Each structure stands twice: as structure tokens, then as C-alpha cells.
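Trainee: Going line by line, the protein sequences match chains A, B and C. Position 48 of the first sequence, counted from 1, bears residue number 48 in my numbering, the numbering being contiguous throughout. Take the position in the second sequence, starting the count at 1, then add 99; the result is the number in my numbering. Take the position in the third sequence, starting the count at 1, then add 648; the result is the number in my numbering.
Source of the hints: derived by calculation from the structure; they are not laboratory data. Do not take every clue at face value.
Distance windows between CB atoms, simulated [to be verified]:
(1) B:Ala460 to A:Asp29: 40 to 48 Å
(2) B:Asp236 to C:Lys727: 45 to 53 Å
(3) C:Ala670 to B:Asn557: 34 to 42 Å
(4) A:Pro51 to B:Asp202: 16 to 24 Å
All of these numbers come straight from a predicted model, not from anything done at the bench. Cβ atoms here follow ideal geometry from the backbone N, Cα and C, with glycine treated the same way.
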Amino acid sequence: MQLVTGNRLRDGVPVYFIEGGRWSPALDDASLVDDSKADSLLAEALGGPKPLPVVAPILIEATRQNGHIEGLSLRERIRAQGPTTGPMTHQRLVIPGAS
Amino acid sequence: MYRYDDFDHRFIDERVAQYRDQVRRRLAGQLSEDEFRPLRLMNGLYLQLHAYMLRVAIPYGVLSSNQLRKLAQIGRRFDRGYGHFTTRQNIQFHWIKLEETPDILAELASVEMHAIQTSGNSFRNTTTDPFAGAAADEIEDPRTYAEIIRQWSTLHPEFSFLPRKFKIAISAATEDRAAVKMHDLGLYLRRNEAGEIGFEVMVGGGLGRTPLLSHTINPFVPRRHLFSYLEAVLRVYNQYGRRDNLYKSRIKILVQSLGPKKFAEEVEAEWNASDREAVALPDTYVREIAAAFAPPNYDRSPTDEGAITRDAAGNSGFARWLKHNIATHKVPDHAIVTISLKPIGETPGDCTSDQMDLIAALADELGHGEIRVTYEQNLVLPHVRRDRLFTLWQKLDAAGLGSSNIGLISDIICCPGMDYCSLATARSIPVAQDLSRHLAAREEAIGNFSIKISGCINACGHHHLGNIGILGVDKNGEEVYQITLGGDAGNDAAIGAILGPAVKSGEVTASIDKLIDVYLDRREGSERFPETYRRIGAKPFKDALYAPR
Amino acid sequence: MLLVEDGTLGEDRWRHLEDDEAVPEDPAITVSLARWLKTRDTLRTHNGKLGLRLPNNAAPEEIAPDLDRLDLIVLNFPKFTDGRAYSQARLLRDRFGYKGELRATGDVLRDQLLFMRRCGFNSFVVGERAVAEEWGKAFGEVDVFYQKAADGTPWVMRQRLGKPN
């Protein structure tokens with residue numbers, strides 16, 4: 001399964017494409033389509049009114065688990081959820097597998 | 100320090116207005132992303148994973164307390180209350196909105212700062228010795244020349260679209276504290292037999308995919324001809340540097356393919372054909388710029404060293420800090436203080452806005468209002484009276500800035516990695532945090548040691564120059580870490596060698612532990628790690644790390 | 649469409665000949681470097697104005713002896729990020745004393761115009777968007793310069809020393 005994502009032009013926030021022409025900062029809002037329909041989803045995203053409100057939209061691989069969409073790559077999970085480690089004293093997550 | 104005159108103010112204001120219009124045109128759709136990207140990069144603005152990232156130039160790592168307070172304010176108002184000091188002596192903010200960047204640049208301009216050329220294929224921030232003007236071992240203050248080069252390299256009309264980025268570093272001291280030899284162009288200030296000032300020019304250093312140290316192409320370029328010589332180097336590079344392959348476009352590849360001797364001849368021919376006098380640097384002008392870096396008004400009354408000894412005896416934390424974070428100042432009764440931005444288990448180089456404000460206040464109170472940024476991602480108060488050190492340490496320590504680990508194994512250089520950076524192939528911050536937590540207990544026993552971590556081959560974390568270098572790469576969707584040994588920065592600069600197959604992310608700390616064990620077991624006397632490594636070779640380390648258990 | 653140094657727009661009045669195209673009687677023509685090197689002596693006797701298109705990997709030295717006969721030199725930016733022609737322009741102006749028209753063509757964008765002018769270009773082949781976006785204004789956005797360049801504008805070090813040029 002794939003979806004279309006990019007970063008919003010005005011503030012750089014990661015956003016996800018919803019069929020019909022809207023973009024959402026919430027990954028769960030994304031239109032997740034079969035690989036066979038991915039190219040047409042991207043074409044629809046790129047074909048929106050200019051200037052596109054999003055920089056460099058691309059397709060990424062994702063799955064739906066327990067009702068939530070999740071990117072397959074670690075990079076996409078970090079993009080969606082934020083850094084795995086925070087600034088000074090604001091740490092959130094620990095490294096998987098580390099002591 | 101250098102203060103803007105009318106020309107500089109006018110320039111920076113024009114530049115902010117120009118950029119504001121560029122952003123307007125981008126948001127209005129008149130500029131495509133492809134057209135806008137180089138323009139925003141010329142102003143230090145990247146698009147990263149979560150937001151835009153703004154890299155603010157800190158010219159040669161020198162900040163006034165007012166400038167640091169402004170950075171704190173920008174962190175609060177436009178970011179999330181912190182900033183990240185980089186290996187280029189700059190600071191970057193990771194949660195920036197494009198539409199607010201013109202206002203941020205206007206705020207920066209109000210304290211004589213900017214973000215010009217902190218990215219892009221042109222000159223980057225010229226770096227130098229963070230102890231400049233305070234170090235006991237310098238010939239002259241290198242900031243004078245760094246400032247002269249900063250101005251000359253700002254929006255250079257001929258060299259703003261080079262094959263690739265171009266980094267210059269300059270050192271004027273016996274000890275190279277600026278990692279000069281890993282730069283595209285390095286300058287060592289020299290005095291010749293006649294007592295004249297000039298520069299040894301080294302070209303072709305750089306890290307990234309092909310790590311190389313630079314070669315001297317001219318042992319002494321007279322100061323007067325600095326501009327014409329630099330232009331000759333850049334003109335050769337601009338015309339002949341490769342543009343067909345991103346990874347082969349740095350000047351180091353040109354120097355390597357021509358050979359340093361042939362490259363030097365090309366530069367010499369270009370230089371000889373140029374009109375040197377048209378851009379000659381007159382002594383009067385150098386003196387004018389140097390006046391901006393006149394020493395502060397030191398209080399020269401004697402220090403009660405006995406009191407310092409007593410305070411240290413009564414406080415082991417302070418004693419440790421004195422041992423590791425204090426360097427010799429050229430003026431008696433003064434010290435150079437390095438403030439560690441490497442608290443155990445935290446993000447190397449991060450500093451909250453509150454901490455920046457505190458450091459600015461302490462600089463005003465105890466350090467003539469001056470702060471420096473080091474390429475190791477720490478801060479420096481270059482002029483502190485020795486009898487104020489205890490007060491300073493207490494205040495720093497109360498704010499989480501009292502770490503005593505400068506030059507020790509937890510003083511890790513680390514890029515932002517995949518937690519922030521869109522180029523990264525793996526995370527680096529969590530690796531640094533885990534190593535720092537784990538190794539802190541025995542860092543005194545280990546002594547001087549450098550670990551440097553990069554989250555991709557571009558090597559912002561200087562991993563090639565770490566005694567132990569760690570490079571995070573992606574292997575089939577998994578983060579793995581390649582280990583290099585024997586690297587070193589400074590006078591004995593060396594590129595580390597890859598030890599063997601990469602290790603998994605959960606095994607980095609345990610692996611480094613084993614390597615440290617070998618070092619502690621095999622080192623002789625006060626031997627530093629690179630010396631031990633060169634003496635005993637890679638095999639004992641390989642055996643320890645890869646031998647079947 | 650052509651933009652000139654003073655910010656005004658005009659049309660290109662030159663004919664840019666292919667290498668196999670016959671040389672017309674007298675209008676202003678440009679030829680490629682290859683053609684120039686092959687038939688330089690004949691071309692020099694051409695009645696009209698003469699121009700040369702110099703690829704950005706050619707050394708300006710090659711045409712230095714011919715500069716007295718050339719009225720136009722066209723330099724190329726295949727991509728705006730490819731900055732070789734800036735150095736060619738400076739060499740032509742500063743080292744070889746070329747005084748004629750120096751034209752930028754290829755991927756010429758508004759935000760590079762000022763750099764180009766400073767390196768000695770005085771005409772620019774631009775697209776239609778140059779009208780709407782008032783590209784002529786780009787020349788005046790910054791007027792403080794930290795380097796000596798080919799356009800003779802004052803630069804800061806010399807201004808501070810009281811000798812602007």
C-alpha cells in the first residue's frame with residue numbers, strides 16, 4: 001500500500017494527501033491505496049491547483065495496523081511522530097534494542 | 100569584536116528585503132521549488148523532515164552576549180525553545196516556518212547577524228580557533244583575517260555557483276584547534292624571516308564520501324596578496340571542478356585528480372596572470388579591521404590562587420571542571436573556559452533558550468560579554484578572571500551546564516541524524532546519548548578521547564576524524580553503524596580506517612566498550628588512542644569485536 | 649526577449665547561425681566557437697557585426713586575439729547552478745579587455761542577474777516572465793559590494809579606504 005506525502009510549503013510540516021485534493025498533517029487522514037493505484041494518486045496530488053501548497057510530493061509505502069496508518073520506513077515513522085529523542089531533558093522514546 | 104559599519108548595515112538590510120521578496124514570490128507561485136531552493140539555501144534555509152531548518156551564521160564562532168540573547172529569543176519565538184550548535188561553529192533551529200523566515204532574518208540583522216551562505220554551493224562560514232585572541236600560542240589574532248575573508252566571500256559575484264560548497268578555516272596558533280586540514284582551503288598564519296605576515300595555503304581537504312586531508316600548495320602567500328591568491332584558487336576550481344557528479348565535485352577531487360603539484364601550478368599561473376595590486380590588501384586596512392578585535396580591558400589585579408585551591412579541595416565537581424574545562428589564557432590571572440554542551444545522556448550541541456540567556460548574562464558579568472562556539476559543539480567564555488571561576492562554575496552547574504568532560508569520551512561530536520535531517524540514513528543522537536551514559540563512569544580513566552558520529556556519508560559529525568568514528572547507514576531498512584578507528588583532528592590530523600562490518604544499532608555501545616577495553620589494556624603510558632592504534636594495528640580491535648564468542 | 653543592463657526589455661536583433669548555415673551578406677551574426685576556429689580568417693572579413701558563442705568549458709584565452717573584431721560574445725548557463733560562465737566573463741573583461749556586448753543565455757534567472765552584471769555581462773536573454781516580474785529591478789536590490797568585480801562599481805574595502813574603485 002502507498003500514500004502521497006510532502007512538506008507543506010509555508011511551514012514545512014509533513015502533510016498527507018487525501019483523494020479529492022486536500023492535504024492533512026494527520027497521517028491517519030491519508031488516502032492509502034493499492035500499489036496499482038499509487039501512480040494515479042500521485043498524479044492527482046501533483047495535478048492540483050498551482051502553486052501546489054506542498055513541496056515535492058512523493059509516494060511512500062505504508063500499512064494500516066489497528067486502525068492506524070504507519071509508514072514502513074523508520075524515516076517515515078520519525079517524520080510522522082517526531083524525533084525519537086528530544087532536546088535537553090525532553091526525551092520521549094528510547095532507542096529500540098539499546099541498553 | 101567586529102561591529103558593523105554603515106556599509107554592513109545597509110548591505111544586510113538590503114539582503115533581508117531581497118530575501119523577503121523572494122519568499123513572497125515563492126509563496127505566490129512565481130518561483131518554482133527548483134528555482135527557490137538555491138535562493139533559500141543561500142540564506143541557510145533547508146527543508147528537513149519535520150519543518151524548515153534555519154542555520155544561522157556565527158562568523159568564525161564569535162558571539163556577543165547580545166547576539167546570544169537574540170538567538171535565545173529566536174529559539175523561543177520562532178522555534179521550540181532551543182537551538183543546536185553545529186560543527187561549523189554555527190547554530191541551527193529545527194522547527195522553522197518558511198513564512199516567518201524574513202522576520203527572523205530581520206531580527207538577526209538587528210544584532211548584526213545573518214544566515215547568508217550557511218548552505219549552498221558557495222563559501223560557507225569561515226571558521227577559526229575558538230580561543231582566538233585569548234590563546235597563549237598564537238602569532239596574531241586570526242579573527243582579523245577571518246572577518247576580512249568573511250566580507251570578501253559574502254555574495255561573491257563570480258563564485259556563488261561553484262561546483263560544490265567551499266569551506267575555509269584559519270589558524271594562527273601553534274596548536275590547530277580549528278581542524279584546518281579537513282577544509283577545502285586551510286590557512287595557517289605564518290611569519291617569515293623578514294617578520295612579515297603571510298599564509299601557508301592548504302587545499303583539498305574534506306570529509307564526506309572521499310575523506311582527504313589538504314595539501315600545502317603555497318608555503319607563504321604574503322598577506323597583501325590574500326585576495327588575489329584566493330581568487331586564483333577559486334577560479335581554477337570554478338572552471339575545472341567536476342559538475343557531473345555530486346560526490347566528485349568538491350575541490351579535493353580536483354586536487355586529487357590533477358595532483359597537488361599540478362594543481363598548485365595551475366593556481367600559480369592564474370595568480371601570475373591576475374592583477375594582484377587591483378585587489379591588494381593594504382596594511383592600513385588590516386590594522387583597521389584588527390582594531391575591532393582589540394583585547395578587552397583586563398583587570399590585572401593578582402588572583403588569590405590559594406582560594407581557588409581551597410574551593411577545589413572542598414568541591415570535587417569544581418576540581419574536575421578546573422581540570423578539564425579550563426585552558427591557559429595569555430594574560431596572567433585569566434582563564435579560557437569551555438562550557439560543555441554535552442551533559443551526560445543529552446543531545447550534543449543542543450542548548451535551550453534559557454541556557455543561552457544564562458550564558459549571555461554570565462558572559463556580561465564575568466567574561467567581557469564574549470562567547471565563542473567550537474566546532475566540537477561547545478561554547479567558550481574566552482576571558483574569565485581565575486578568581487571568578489568558582490562562582491561561574493556554580494552558576495553553570497545549577498543550570499545543567501557544569502559538565503566537566505571537555506576532550507573526554509563523552510564530549511561527542513554528533514550531527515542531528517535521522518531524527519531531524521532529510522539527508523540522514525540513520526539516527527545519530529540516540530547513539531551518542533547511549534554511549535555518553537554508558538561510558539561516563541570510566542571517562543576519567545580513559546582520558547583524552549574523541550568519538551564522532553555522523554548519520555550519513557556527508558559526515559557533518561566528522562566521523563572520519565574521531566579516534567573512534569561512527570557512521571550510521573541504512574541496510575535494507577535497518578540502521579547499522581560502521582566503525583572507523585584512528586582518526587584525529589588538529590595538528591596530527593588523520594583519517595580513520597574502517598574496522599570491519601557494520602554493527603547493529605542495539606550493539607553500538609557494547610561494541611565501543613570492547614574497543615575501549617582493548618585500548619586500556621594495551622596502551623603504554625599516556626599514549627592517546629590514535630598512537631596505540633598505529634602501534635598495535637587494527638587486529639587486536641578486530642579480534643575483540645568480531646571474534647566468535 | 650532581451651533584457652539589458654539598464655533594465656529595459658527589447659528584441660534580439662542578431663542572427664545566430666548554425667554551423668552549416670551560409671553566412672548572409674551583412675546583418676549581425678553570431679557563430680559557434682568551432683566554426684570560428686575553423687573559418688576565422690573568412691569570418692573576420694564579414695561586412696556586418698560579428699558575434700561568437702562560447703561554450704562554458706572553453707578557455708577565453710582561445711579567442712583573446714580576436715576580441716578586437718568581436719561585437720558580441722554569448723556565454724551560456726546550461727543550468728543556473730553551473731557558474732563557469734561567471735569566470736569566463738571576468739576573464740574576458742578584466743584580463744583580456746573585451747569591451748563589446750557580453751550576453752548571458754541559457755538558464756538565466758532573475759536572482760542571478762546582479763551577479764552576472766557584476767561579472768561583466770550587459771545583456772541577458774530572458775523569457776516572457778521577465779515582464780510581469782519586473783526583472784529589471786533585480787539590478788538594484790543590493791548596492792553594497794564586498795569585492796572588486798568587472799563592472800567597476802565601488803567596493804567596500806576601497807570605499808572604507810576612501811578610494812572607491
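Trainee: All hints are to be evaluated individually against the structure, with a verdict given for each.
Mentor: Each hint tested on the structure:
1. B:Ala460 to A:Asp29: 40 to 48 Å: 46 Å Cβ-Cβ, so the 40 to 48 Å window holds.
2. B:Asp236 to C:Lys727: 45 to 53 Å: holds (46 Å)
3. C:Ala670 to B:Asn557: 34 to 42 Å: Because 53 Å falls outside the window, the suggested range is violated.
4. A:Pro51 to B:Asp202: 16 to 24 Å: About 21 Å separates the Cβ atoms of A:Pro51 and B:Asp202, which means 16 to 24 Å holds.
Of the hints listed earlier, the one the structure fails to meet is number 3.
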